[in-house]
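If you're matching them up, the sequences are chains A and B in order.
Position 394 (the first sequence) corresponds to 394 in the working numbering; numbering is contiguous.
Position 403 (the second sequence) corresponds to 830 in the working numbering; numbering is contiguous.
Since the hints were made in silico from the structure, they are not lab data.
Built from N, CA and C at the ideal position, the CB exists for glycine as well.
One thing to keep in mind: the hints can contain errors.
[Claimed, not checked] Reference listing, derived: stretches of chain B covered by chain A, where coverage requires no fewer than 3 residues with Cβ under 8 Å from a Cβ of chain A:
(1) 526 to 538
(2) 800 to 808
(3) 820 to 826
(4) 834 to 847
[What the hints assert, rightly or not] Calculated pairs, DSS-like style, for lysine-lysine (alpha carbon to alpha carbon, straight line, at most 30 Å):
(5) K392(A) <-> K440(B)
(6) K819(B) <-> K392(A)
(7) K819(B) <-> K13(A)
(8) K440(B) <-> K819(B)
(9) K13(A) <-> K392(A)
For reference, the chains in residue letters:
Number of protein chains: 2
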Amino acid sequence: MTADVRALARRAKEAARVLAACTHEKDHALRAMADALDNRSAEILAANEEDLAAARPEVRAGRMSEALFHRLQLTRPKLADLVAGLRQLAAAPDPVGRVTLSTQLDAGLLLERVTCPIGVVGVVFEARPDALPQIAGLCLKAGNAVVLKGGREAERSNRALTAALGDAIAGAGLPPEALALLATREEVSALLGAEGDVDLIVPRGSAALVRHIQEHTRIPVLGHADGLCHVYVDARANLTMAHAVVIDAKTQYPAACNAIETLLVHETVADAFLPRIGRTLADQGVELRCDPAAARRLGGVRTVPATDADWATEFGDLILAIRVVPSLDAAIGHINTYGSRHTEAIVTDDDAAWARFFAEVDAAGVYRNASTRFADGYRYGFGAEVGISTGKLHPRGPVGLDGLVTYKYRLTGAGHVVATFQPRDRT
Amino acid sequence: MTADVRALARRAKEAARVLAACTHEKDHALRAMADALDNRSAEILAANEEDLAAARPEVRAGRMSEALFHRLQLTRPKLADLVAGLRQLAAAPDPVGRVTLSTQLDAGLLLERVTCPIGVVGVVFEARPDALPQIAGLCLKAGNAVVLKGGREAERSNRALTAALGDAIAGAGLPPEALALLATREEVSALLGAEGDVDLIVPRGSAALVRHIQEHTRIPVLGHADGLCHVYVDARANLTMAHAVVIDAKTQYPAACNAIETLLVHETVADAFLPRIGRTLADQGVELRCDPAAARRLGGVRTVPATDADWATEFGDLILAIRVVPSLDAAIGHINTYGSRHTEAIVTDDDAAWARFFAEVDAAGVYRNASTRFADGYRYGFGAEVGISTGKLHPRGPVGLDGLVTYKYRLTGAGHVVATFQPRDRT
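In isolation and in its complexed conformation, chain A is listed as follows (with noise of 0.2 Å):
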């Protein structure tokens, strides 16, 4: 089996190399994957139906929760979506081929900093069959071959995903090995040693999943295990615009990794602030575990008290822990410890304040008077994304298109020599 995934990553590895030198053919096959996903709905849909079936059990029996069942679920209409999805991606610019730095260095020596694809793309994500195209297609626009592993409860759907996109690709005139789908969790372990033919890995999933798979591996892994974001109520913020941003940075979708887990208030701003969205976070079922100071401002409502753990946790559930600062310093010092560098707001009228947590604030998003749950590739406008990267180097944030591809120097003389050349001065 190690093998096999061996030589599957070394055929992908091969269509990447077709792949990297194709443009307008990617857009092409794109719109043969929206086709082959709408003239193969029924087939599409049966095969999530069996996966359905399976699941409905395990929602019964506790074991699947209705959220996870609704995520595997495949509509006609997530299908539409999905088809115009692909075709919008084939209309988009090709992310390869832009020329982002550009010297010329002597008499007809011209270095070009150009953007070409990563490669070989491998993605372990989640029970959620949707995704599997919007990867597919993402992965492919960007010139890379990708290596895919979803949910074991979608393992029906994916594979009816799988052969309608790689016939697809096929008619197209593209190879097929492009795109590839693994079965098992000991496959997944063989792509984890495949060094030298896979070069980019991206988990989607539980921080635990995240975090095996960043120490199983040699090969660079995009992704994110912890979303241990903040909002900052700061000492001049509007304090209207404050209620509205924290109610939906904690309590639109709780279990998503951008929302909030911890609440920092300015002490100026603690009375004013924490007994009003108190009672609108504990009427939403919030539990608040609050610091001494914070919990002071809470008496009306029901309050826990927050241990050191608290404010290290990403609950992903309807809690929230609170904390009063004497400072912005104070708030960026919390932020810069206990943050998971993912995404991070202050709520401000002050610009002095803003530049402060902006500059000094580690995280892929920083935030200005808005909710933290913005980050995403859709709202971000990119489309889709293959995942969130708290990375430091490149990529970081949602990973969309420009995440997926990196660049090369080009460089295009006439028979120049080093021996002979003196660089002008330039830094």
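Dock chain B against chain A, hints included.
Then chain B, alone, in the frame of chain A:
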């Protein structure tokens, strides 16, 4: 000692937070650093003389090469170059705060991608004291704190340089902890374990050193272990140009990572090209390790049969492997199999061959009609470099200021929440 290094890394992290919010203050510090090297040159050269005195018996005993001794030596002209380099950095535009993407997501909701410092950078470099002010200057200009460890032969020089530069940084009102020098190998081991405080490790030196570091840290590593570069002389090459490029790429500085190890020649030009290049290379003392097809064309000069291992070896010396290939496809296949993703060149007058070579060769630099020796931060116009990266994610190639910054997304709204947000169609 481990605890000491951890504390030093923490202080560097605090210093990095200060630097992240600086703009022109960094340039003020860079000019002060230039002045300090100028004013304290006697002290620095005296320290260097002690290093040289300790090194001379090693050279006489054959334990240190003349080349290494030469790199160890600081001179007044070398110091003057360093002073000029720091002044150039001070005058350069700030790489931090550049907006590389900007989208209006909604009325009053602006998303920008903005360059920012990486944080704390650890650099392990060779016994070459002139690299210290260059690396320190690049890191500071990019808003990063830096922890350095130079080769032990340059210990006294590095201490004198660090003292002068650190005092200048403090005198300019910036935290001197932004520049720290480690003394021992044990301290480097401790630094490699300082995940969370150190954001990037840059190893420079032997492939063995780089591999050791890659295998002993979970901090991202920027650099390259091998420099296995090729020149491919295509069927439609200008052979005079090919001759000049090959001689430069092999002989101008054979120990450099961007010198070539293997020459690939298309069979249709092998008869015309190989006898002449073979004579020139042999005259310059280059040992030629040839496949049978190449050896057959090199009757006049001494050749050695190439083994499979030769294609995978970075000789770093006056040795060149030579192979005749039947096609452009075979040349690209050879390069992608044996190359180290560093720098690869084609000599051709054929635009279609160049287009395929550029698209399909997987390397940080892909050149046409120019010597691979151009892969160098100084020649690329980056002023200096902290290293050359063969990684596939940003940064890639010679790493100057641009490679020392990453980005964060800046989102500014007026209380925007996702609950009421509808993204526009945009891919």
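Against the structure, the hints:
no.: 1; hint: 526 to 538; in the structure: holds (count 5)
no.: 2; hint: 800 to 808; in the structure: holds (count 8)
no.: 3; hint: 820 to 826; in the structure: holds (count 5)
no.: 4; hint: 834 to 847; in the structure: holds (count 13)
no.: 5; hint: K392(A) <-> K440(B); in the structure: 14 Å, holds
no.: 6; hint: K819(B) <-> K392(A); in the structure: 14 Å, holds
no.: 7; hint: K819(B) <-> K13(A); in the structure: 14 Å, holds
no.: 8; hint: K440(B) <-> K819(B); in the structure: 27 Å, holds
no.: 9; hint: K13(A) <-> K392(A); in the structure: 27 Å, holds
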